[in-house]
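Asker: Start from chain A and add chain B according to the hints.
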Amino acid sequence: MLTLAVASALVFAVLGLLPGNVAQVMLGESATPEAVAALEHQLGLDRPALVRYADWLRGLATFDLGTSHAYDAPIAELIAERLVVTVPLALLAMALTVVLALAAGVYAASRHNRAGDLAVMAASQLGIALPSFWSGILLAMLFAVTLPWFPSGGFAGWHEDEGGGLWEGLRSLVLPAVALAVVQAAILARFTRSAVLDVLREDFVRTARAKGLTRRAVLWGHVLRNAMVPVLTVMGLQFANLITGTVVIENVFSLPGLGRLVFQAIGNRDLPLVQALVMLIAAAVVTINFVVDVLYAVIDPRLKLAGR
Amino acid sequence: MNFPSRALKHKSFVAGGVLVALLLALALLSFVWTPYPAAEIDVPNKLQPPSAAHWLGTDSLGRDIASQLIVGARASIAVGLIAVGIGIAGGVALGLLAAARRGWVEEAVMRLADFGLAFPALLTAIMLGAIYGPGLVTAIVAIGLFNIPEFARITRASANTVWSREFVLAARACGKGRLRTTLEHVLPNIASVLIVQATIRFAIAILAEASLSYLGLGAQPPLPSWGRMLSEGQSMMYQAPLLAVWPGLAIVLSVLGLNLMGDGLRDLLDPKLARSR
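First to last, the sequence lines map onto chains A and B. Heads up: the first sequence runs through residues 1 to 308, numbered per our numbering. Heads up: the second sequence runs through residues 1 to 277, numbered per our numbering.
Note that these hints are calculated values from the structure, not bench results. Be aware that one or more of the hints could be misleading.
Short, incomplete list of chain B residues facing chain A, as computed with Cβ under 8 Å [stated by the list, open to error]:
| no. | residue |
| --- | --- |
| 1 | Arg111 |
| 2 | Ile154 |
| 3 | Ser158 |
| 4 | Leu215 |
| 5 | Leu230 |
| 6 | Gly248 |
We treat Cβ as the ideally placed atom computed from N, Cα and C, and that holds for glycine.
Excised from the complex, chain A in its bound form (with noise of 0.2 Å):
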């Protein structure tokens, strides 16, 4: 709680206090004094800023985020509209990200410096190489333009009525989700790996053999847990790069999404849609962080023990 008070406070000061005049930068450079005393009066700059800080507080936590300047619509119904797009994508991605870095980081690791290793090693380091942008445009040549399979962009809808569907709306994403997934999945992979081989150096690890478990069974059973603490901390950080991530891919496909409304609300000058997004997103990010730091608990008790 502490975390979103102090980032909606930065928010509210670097957007909607600094650098002096919003109302100027919102209408651009060309703009009459009136117009731009006009929008200060629409948008409430008139008022104190402590008054504006709390009324704009009371709007996040009632979902009352005032109107978009651009759009001229409730800024609460463009995110609601946009997060049928961009929380499935993400969510897709992650689940595609976790599923290919686990298998490929344990099976690595349990190769070490075998050929299955080294296939793995050299896949995740082109993954990682790949700038998920340019393997969403090679994705879309391929797969939308050579081989029709998926959309190679916009969004169908989830549904029937509105021309998309389900399934429709799934194979928009399907592209997007994999050019997102292949960078995060290398990355996480290699992590997988690299602690991975760090357990498998451990006594515990020697002595689970020598009692009798198989290879695997320690591999999956004692080894992976006590791996999770680095992999889970990679996984956090890979939820924001994962937002950022969205950005840029929801305008590689054209996608209707929020990582596309910030970038047109920045193109648009739109500074309170902006504020919102960026605090949305910060809430988001930091909300995910939390729950890593209570699952690192759950996965090592040792870490429950307070100081030393």
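Answerer: Just chain B now, kept in the frame of chain A:
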């Protein structure tokens, strides 16, 4: 065998080192020589395929692609070096402090890291760009600030694991203070994790700069950048697909080089791994 001899025998370190040296050489070369002035427009020669005159062809305004790529390396190097430097300087110190002190200090550092992490580089760049205008400095500051909490969290998580080990308990029992224990036992044992992290962050910094430039939030014209070249190339994908291939390849090779070098360093610097071979 001494370190340079071992390093020269490590294949991925050598391969990565060659790619990184090439990247550095290109960036340095751009200050004294390019085949053509990178920003020189030559419309009659637009969209030329690769030839002896234009090694990688020309773009939609007739600018030489090879020259733009060579000059574009500067932006990538500058962003990578400075952004990772900012991250290491701030993040490792904070992470080690959190792990050594625990209690309210750890809580405060982690909340600070959470707070920093709540602002991915792109968000910071968006906020800074909205106010000060987009540019290379904005991109460097945004990526660098985002690196601090990343390094802090990784350092704290890895250091916590080391602090729970018996040899650290033994060092503490011998009367070593927290600072000495941190510097002599904790830091060397998490160095390999930090090296891997630093190479990944360098790679991510190059990718982030490319993303910001692709969106128009990074290096601005006339300074060439690989991300903006990709964006321009995407719009000409059907007429001249190679325009979107060259800058992508430049990014991939640079990042690949850094990561191979980082992996090599991890093997060379980790005595436990070296002994197990």
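Asker: All the hints need checking, so say for each whether the structure fits it.
Answerer: Here is how each hint holds up against the structure:
{"no.": "1", "hint": "Arg111", "verdict": "holds (5 Å)"}
{"no.": "2", "hint": "Ile154", "verdict": "holds (6 Å)"}
{"no.": "3", "hint": "Ser158", "verdict": "holds (6 Å)"}
{"no.": "4", "hint": "Leu215", "verdict": "holds (6 Å)"}
{"no.": "5", "hint": "Leu230", "verdict": "holds (6 Å)"}
{"no.": "6", "hint": "Gly248", "verdict": "holds (4 Å)"}
Taken one by one, the earlier hints all hold for this structure without exception.
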